[in-house]
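Engineer: Quick mapping for you: the protein sequence lines, in order, are chains A and B.
Heads up: the first sequence is residues 1 to 80, going by full-length UniProt numbering.
Heads up: the second sequence is residues 1 to 93, going by full-length UniProt numbering.
Honestly, the hints are just simulated from the structure, not real lab data.
Ideal placement from N, C-alpha and C gives every residue a C-beta, glycine not left out.
Don't take each hint at face value.
Simulated restraints on C-beta separations [unchecked claim]:
(1) B:73 / A:25: 33 to 43 Å
(2) B:73 / A:56: 32 to 42 Å
(3) B:52 / A:9: 39 to 49 Å
(4) B:64 / A:58: 22 to 32 Å
(5) A:10 / B:64: 18 to 28 Å
So you can see what is in the structure, the chains are spelled out below.
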Amino acid sequence: MGGQDGFGPVPVGDDGAPFQADWEAKVFALSRALRRNGAFNLDEMRDAIERIPPEDYLAASYYERWLIAMEMILAEKGLA
Amino acid sequence: MTYGPGTRVRALAGDPDHHTRVPRYVRGHVGEIVEQEGEWPLPDDRARGITPPRVEAVYAVRFPARDLWGTGSHTVTVDLWESYLEEVAPRES
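This is chain A alone, in the form it adopts within the complex (with noise of 0.2 Å):
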């Protein structure tokens, strides 16, 4: 799905705020301590984003995707 055109607009927040809800920063920090650690690589990150079935691609926000794509990989990897 990544890199396609076609589906309308980015919805970006006004107010310039990096996180629209607490949940969000801590899905951003909760990658960080991930990768810091070990568990897994950007590239890593960026492929299980790819691969959310397109029916929950589309229906996540940014960060729900992270999420997803997090709980994905420390699943395959045992590590949940």
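Start from chain A and add chain B according to the hints.
Structural biologist: Okay, now just chain B, sitting in the frame of chain A:
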């Protein structure tokens, strides 16, 4: 193979069954080398857990927007790993 500035290259047209960082919108299109951006691990290998990953030259490659989308007078510059590229023979361009 090292590509110098101005070399005309074609981005791979295929759709691999694994992660890659060749954007769909440049696949199969011809661009021009701007400069080399150093050497970096190949994301395709890193995403698949291949260790050690291949380390390749990364190039800034400039494409005319009109070639990619049929409109626009600007150019789009994309970072592409060496194995994503093939040189275009002068008469082919």
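Engineer: Could you run down the list of hints and mark each one as holding or not?
Structural biologist: Do the hints match the structure? See the list:
| no. | hint | verdict |
| --- | --- | --- |
| 1 | B:73 / A:25: 33 to 43 Å | holds (41 Å) |
| 2 | B:73 / A:56: 32 to 42 Å | holds (39 Å) |
| 3 | B:52 / A:9: 39 to 49 Å | holds (40 Å) |
| 4 | B:64 / A:58: 22 to 32 Å | holds (31 Å) |
| 5 | A:10 / B:64: 18 to 28 Å | holds (25 Å) |
Hint check: no violations occur; every hint is consistent with the structure.
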